[in-house]
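Participant: Sequence:
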Amino acid sequence: MTKIKVIIPAYNEADSITHVIKDIPDIVNEVIVVSNNSNDDTEINAKNAGATVLTEQNRGYGYACLKGMHYIASQPEPEHPDILVFLDGDYSDYPEELTKIVAPIIDNNIDFVIGARVKSLREKGSMTGPQVFGNWLATTLMTLFFRAKFSDLGPFRAIKYEKLLQLKMEDKTYGWTVEMQLKALRQKLSYTEVPVNYRNRIGVSKVSGTVKGAIFAGVKILGWIFKYSFKK
4 MTKIKVIIPA YNEADSITHV IKDIPDIVNE VIVVSNNSND DTEINAKNAG ATVLTEQNRG
64 YGYACLKGMH YIASQPEPEH PDILVFLDGD YSDYPEELTK IVAPIIDNNI DFVIGARVKS
124 LREKGSMTGP QVFGNWLATT LMTLFFRAKF SDLGPFRAIK YEKLLQLKME DKTYGWTVEM
184 QLKALRQKLS YTEVPVNYRN RIGVSKVSGT VKGAIFAGVK ILGWIFKYSF KK
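If you read the sequence shown in our numbering, its first letter stands for residue 4, the second for the next number, and so on.
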């Protein structure tokens with residue numbers, strides 16, 4: 004039986020987190036919500052919905068993901084998952100599509116799967132102009148420098164747990180997703196994309212919803228790409 008765990012970084016997602024957790028398929032063994040210094044009811048709502056709730060005071064997407072990974076690493080080895088899934092807490096993704104995300108790993112022994120937010124499956128307005136352009140630029144550069152076949156930096160993703168540990172993830176903020184993809188390329192992991200639906204999130208985005216957030220995210224993403232393009 005394949006053991007699957009989910010990490011959900013969440014900052015002030017009280018209105019959405021219950022929906023996210025309840026829509027996650029029963030094949031998942033544990034849902035871990037990492038409250039990234041939330042000051043609303045995110046934590047209590049997540050706990051009431053059945054999730055394991057952790058808190059990370061340092062603000063940053065990567066900080067929250069690393070907190071979840073540290074928690075899993077601290078568990079007895081038999082409790083470690085075969086597959087770890089990352090999912091946002093804003094209900095923009097469709098958690099029930101997790102079965103699609105993990106299928107290539109279970110059925111075809113693929114190491115790493117990205118949920119690609121293809122245009123035909125995106126709800127109008129669910130991705131801003133800067134987000135669409137940023138995704139295009141980042142994936143185009145990865146194709147140019149690394150012959151990658153990614154079309155998205157989508158946060159809904161699954162990876163074999165042992166392979167994730169080999170990546171030695173370190174980014175603390177907005178560069179987390181692209182770091183994972185770049186390191187997967189460098190370590191020659193097998194990967195694929197699965198088209199997923201995408202809708203307007205509940206609440207305001209902490210990244211694309213602010214000019215500062217969008218710029219900082221863009222700088223971090225491009226920084227990782229150029230760092231790896233010149234790395235021997």
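These aren't lab readings, by the way, just hints derived from the structure by calculation.
There's no promise every hint is true.
Estimated spans, in silico, between C-beta atoms of each pair [stated by the list, open to error]:
#1 TRP139 / TYR74: 15 to 23 Å
#2 LEU147 / ASP18: 37 to 45 Å
#3 GLN60 / HIS83: 20 to 28 Å
#4 ASN203 / THR102: 34 to 42 Å
#5 ASP44 / ARG150: 20 to 28 Å
#6 GLN60 / LEU168: 30 to 38 Å
#7 TYR74 / HIS22: 18 to 26 Å
#8 SER129 / ILE30: 23 to 31 Å
#9 ILE205 / PRO81: 31 to 39 Å
#10 ASP29 / GLN78: 17 to 25 Å
Listed next, the in silico DSS-like pairs over lysine-lysine satisfying Cα-Cα at most 27 Å (straight line) [said to hold, decoys possible]:
#11 LYS127 / LYS175
#12 LYS25 / LYS152
#13 LYS50 / LYS175
#14 LYS171 / LYS6
#15 LYS50 / LYS122
#16 LYS103 / LYS25
#17 LYS103 / LYS127
#18 LYS127 / LYS171
#19 LYS166 / LYS127
#20 LYS127 / LYS163
#21 LYS70 / LYS127
#22 LYS191 / LYS171
#23 LYS191 / LYS152
#24 LYS175 / LYS186
#25 LYS6 / LYS163
#26 LYS186 / LYS70
#27 LYS103 / LYS70
The C-beta atom is built at its ideal place from N, Cα and C for all residues, glycine as well.
Participant: Give a verdict on every hint.
Facilitator: Consistency of the hints with the structure:
1. TRP139 / TYR74: 15 to 23 Å: violated (35 Å)
2. LEU147 / ASP18: 37 to 45 Å: For LEU147 and ASP18 the Cβ distance comes to about 40 Å; the hint holds.
3. GLN60 / HIS83: 20 to 28 Å: holds (25 Å)
4. ASN203 / THR102: 34 to 42 Å: violated (23 Å)
5. ASP44 / ARG150: 20 to 28 Å: violated (46 Å)
6. GLN60 / LEU168: 30 to 38 Å: violated (24 Å)
7. TYR74 / HIS22: 18 to 26 Å: holds (23 Å)
8. SER129 / ILE30: 23 to 31 Å: holds (26 Å)
9. ILE205 / PRO81: 31 to 39 Å: holds (36 Å)
10. ASP29 / GLN78: 17 to 25 Å: holds (20 Å)
11. LYS127 / LYS175: violated (30 Å)
12. LYS25 / LYS152: violated (32 Å)
13. LYS50 / LYS175: holds (25 Å)
14. LYS171 / LYS6: Given that 27 Å is the threshold and the Cα spacing comes to 21 Å, the pair holds.
15. LYS50 / LYS122: Cα-Cα ~34 Å, so violated.
16. LYS103 / LYS25: holds (17 Å)
17. LYS103 / LYS127: Within the cut-off at roughly 23 Å; holds.
18. LYS127 / LYS171: violated (36 Å)
19. LYS166 / LYS127: violated (35 Å)
20. LYS127 / LYS163: It is violated: about 32 Å lies between the C-alpha atoms, which goes past 27 Å.
21. LYS70 / LYS127: violated (33 Å)
22. LYS191 / LYS171: Judged against 27 Å, a Cα distance of about 14 Å means the pair holds.
23. LYS191 / LYS152: holds (13 Å)
24. LYS175 / LYS186: holds (15 Å)
25. LYS6 / LYS163: Given pair LYS6, LYS163 holds - Cα atoms ~10 Å apart, limit 27 Å.
26. LYS186 / LYS70: holds (20 Å)
27. LYS103 / LYS70: It holds: about 26 Å lies between the C-alpha atoms, which stays within 27 Å.
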